[in-house]
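Chemist: Read off the chains here:
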Amino acid sequence: MQMIVIFIIGILLMCADMSFTGFSPMTLFNVEVYFVPKFLFMYILLLTIYVGPKISMFFALLFGIMLDIYIGTIYGIYSFGFIAFVIFMQTAFRVFYRDFVAMAFVVLLNSMFFDLYQYAIYRILDFISMPLFDYFALRAVPSVLVNAFVFTIIYILAIQTSKVRKEFRRSN
Amino acid sequence: MTKFFNRNRMLIILFGIIILIALIGLSLTERNHTTKAEQFTGDVVATTQETVNAPFGFIGNIFSDFFSMFGAVDENKKLKEQLDMLPQLQADNERLEEENAKLQEALDVSSKMDYETINASVISRAPDQWLESFTIDKGEKDGLKEGMAVSTSNGLIGIVSRVNGGSSFVELISSNASQNNLSVELKHGDEKVYGNVRTFDTEKNVLVVENIKNQVTLEKGDEVFTSGLTGSFPEGIVIGKVVEVENDEYGLSQNAYVQMNSDLNDVDTVFVLKRDPESLED
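Going down the list, the protein sequences come from chains A and B. Counting from 223, one number per residue, gives the positions in the first sequence under this note's numbering. Counting from 132, one number per residue, gives the positions in the second sequence under this note's numbering.
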């Protein structure tokens with residue numbers, strides 16, 4: 223039951239991520255500003271804490287492979303990235319307290335690092351040539367803002383998903 | 132116990148990195164077929180996404196229909212004026228086509244310019260917004276193959292890189308220019324000269340074309356077409372216009388910066404160009 227709920231929410235968030243491309247490189251004052259949402263990624267990270275690392279790892283792999291094959295130019299970037307960050311998240315939460323602010327901070331920081339990791343790989347492979355400063359000013363900062371706005375919704379979604387399992391267990 | 136667990140985790144990550152590097156290698160090699168597993172996954176995700184998007188698209192359409200009603204009368208008038216010329220143009224076109232076919236038959240050549248177009252619409256674009264690649268809603272069953280050229284109404288935009296049953300993955304020429312070495316034809320007045328696309332300059336948003344012979348002096352505004360010498364690209368598809376010309380470092384050839392006609396950030400419908408297979412054989 224919970225697996226199905228997670229899967230459906232995951233698919234919806236993935237579509238939300240993709241729909242951002244409809245307006246994303248926005249031209250503001252003659253410069254292109256990128257808003258890169260990482261809703262699905264944030265959801266998977268939150269699942270690590272609220273539902274459990276194993277389930278989260280499974281969905282990280284599933285959605286990673288789906289994204290890689292469906293829309294990825296280089297295979298493995300998403301599946302490896304998702305899993306690595308889930309493991310990282312698990313480790314990070316031995317250090318941080320589990321309250322809302324700390325959670326928001328760590329998840330947003332991770333979403334920024336994930337984008338940075340993609341940037342690094344594409345840059346190394348010579349697919350893109352965006353300078354580092356432009357990257358931070360025109361991509362990283364606006365993206366973190368967008369993600370911060372939506373974080374609360376995803377936080378609630380993740381908590382609700384974790385409740386699905388409990389209710390299901392009680393009824394059994 | 133914790134130490135063991137950490138070591139275990141380190142091993143997973145190390146193996147992951149090795150697999151990632153292997154996969155990067157695999158993705159960078161040129162492949163001319165898509166495996167069944169890839170096709171299956173691609174199709175499943177494409178169908179799911181189309182289903183999810185359907186209700187939103189429906190609502191969006193109602194709104195956009197409503198707003199476009201206001202300008203419809205003026206637009207209709209303009210279109211009618213344009214339409215008046217159409218029968219004559221069509222007749223001319225048919226006559227010329229016939230004449231062309233006869234001449235070709237007489238000369239026993241097949242034209243590289245012959246191609247069929249398949250209309251497709253974009254289902255989704257890559258959410259990471261780095262390489263701007265996208266997925267279209269036509270696939271193997273519509274006759275698509277890897278390596279076909281994809282264009283918008285303004286000009287060439289990309290190349291089909293993976294074909295699934297009912298959807299395909301398209302890479303933009305801006306993102307894979309460095310791997311494909313696309314051959315192009317530059318026209319200055321009546322003179323033609325060839326060159327190769329080396330890379331896409333993301334700062335200036337232009338394609339860099341190299342190895343252009345010095346015999347023809349190119350100027351700003353010269354048009355650039357596909358040459359029909361690369362893969363299964365047909366000849367004579369518009370790519371863009373020259374915005375800057377410079378000599379290369381040894382002065383032996385020229386380099387041109389080409390502004391693409393189609394807007395890479397705003398693509399809704401595209402045409403896949405299917406070249407006449409006869410012209411490919413020779």
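Because the hints were derived from the structure by calculation, they are not lab data. Treat the hints loosely; a few may be bogus.
[Unchecked claim] The calculated SDA-like cross-link candidates involving lysine to any residue, where the alpha carbons are at most 20 Å apart (straight line), are:
| id | chain 1 | residue 1 | chain 2 | residue 2 |
| --- | --- | --- | --- | --- |
| 1 | B | Lys-372 | A | Leu-284 |
| 2 | A | Lys-276 | B | Asp-321 |
| 3 | B | Lys-405 | A | Ala-314 |
| 4 | B | Lys-167 | A | Ile-287 |
| 5 | A | Lys-276 | B | Gly-296 |
| 6 | B | Lys-335 | A | Leu-250 |
| 7 | A | Lys-276 | B | Lys-167 |
| 8 | B | Lys-209 | B | Asn-184 |
| 9 | A | Lys-276 | A | Ala-314 |
| 10 | A | Lys-276 | B | Lys-276 |
| 11 | A | Lys-276 | A | Arg-316 |
| 12 | B | Lys-344 | B | Asp-321 |
| 13 | B | Lys-335 | A | Ile-287 |
| 14 | B | Lys-335 | A | Ala-314 |
| 15 | B | Lys-335 | A | Phe-358 |
| 16 | B | Lys-335 | A | Met-248 |
| 17 | A | Lys-276 | B | Arg-138 |
| 18 | A | Lys-276 | B | Asn-137 |
| 19 | B | Lys-335 | A | Arg-345 |
| 20 | B | Lys-335 | A | Thr-249 |
| 21 | B | Lys-335 | A | Lys-276 |
| 22 | B | Lys-335 | A | Ile-350 |
| 23 | B | Lys-335 | A | Ala-359 |
| 24 | A | Lys-276 | B | Lys-272 |
| 25 | A | Lys-276 | B | Val-253 |
| 26 | B | Lys-335 | A | Leu-360 |
| 27 | B | Lys-276 | A | Thr-374 |
| 28 | B | Lys-335 | A | Arg-316 |
| 29 | B | Lys-335 | A | Phe-251 |
| 30 | A | Lys-276 | B | Asn-139 |
| 31 | B | Lys-335 | A | Met-325 |
| 32 | B | Lys-335 | A | Asn-252 |
| 33 | B | Lys-272 | B | Gly-296 |
Please read all numbers here as calculations on a predicted model, not as lab measurements.
Chemist: Run through the hints listed earlier and report the numbers of any the structure violates, in increasing order.
Modeler: Numbers 1, 2, 3, 5, 7, 8, 10, 13, 14, 21, 24, 25, 27, 28 and 31 - these are the hints that the structure violates, sorted from lowest upward.
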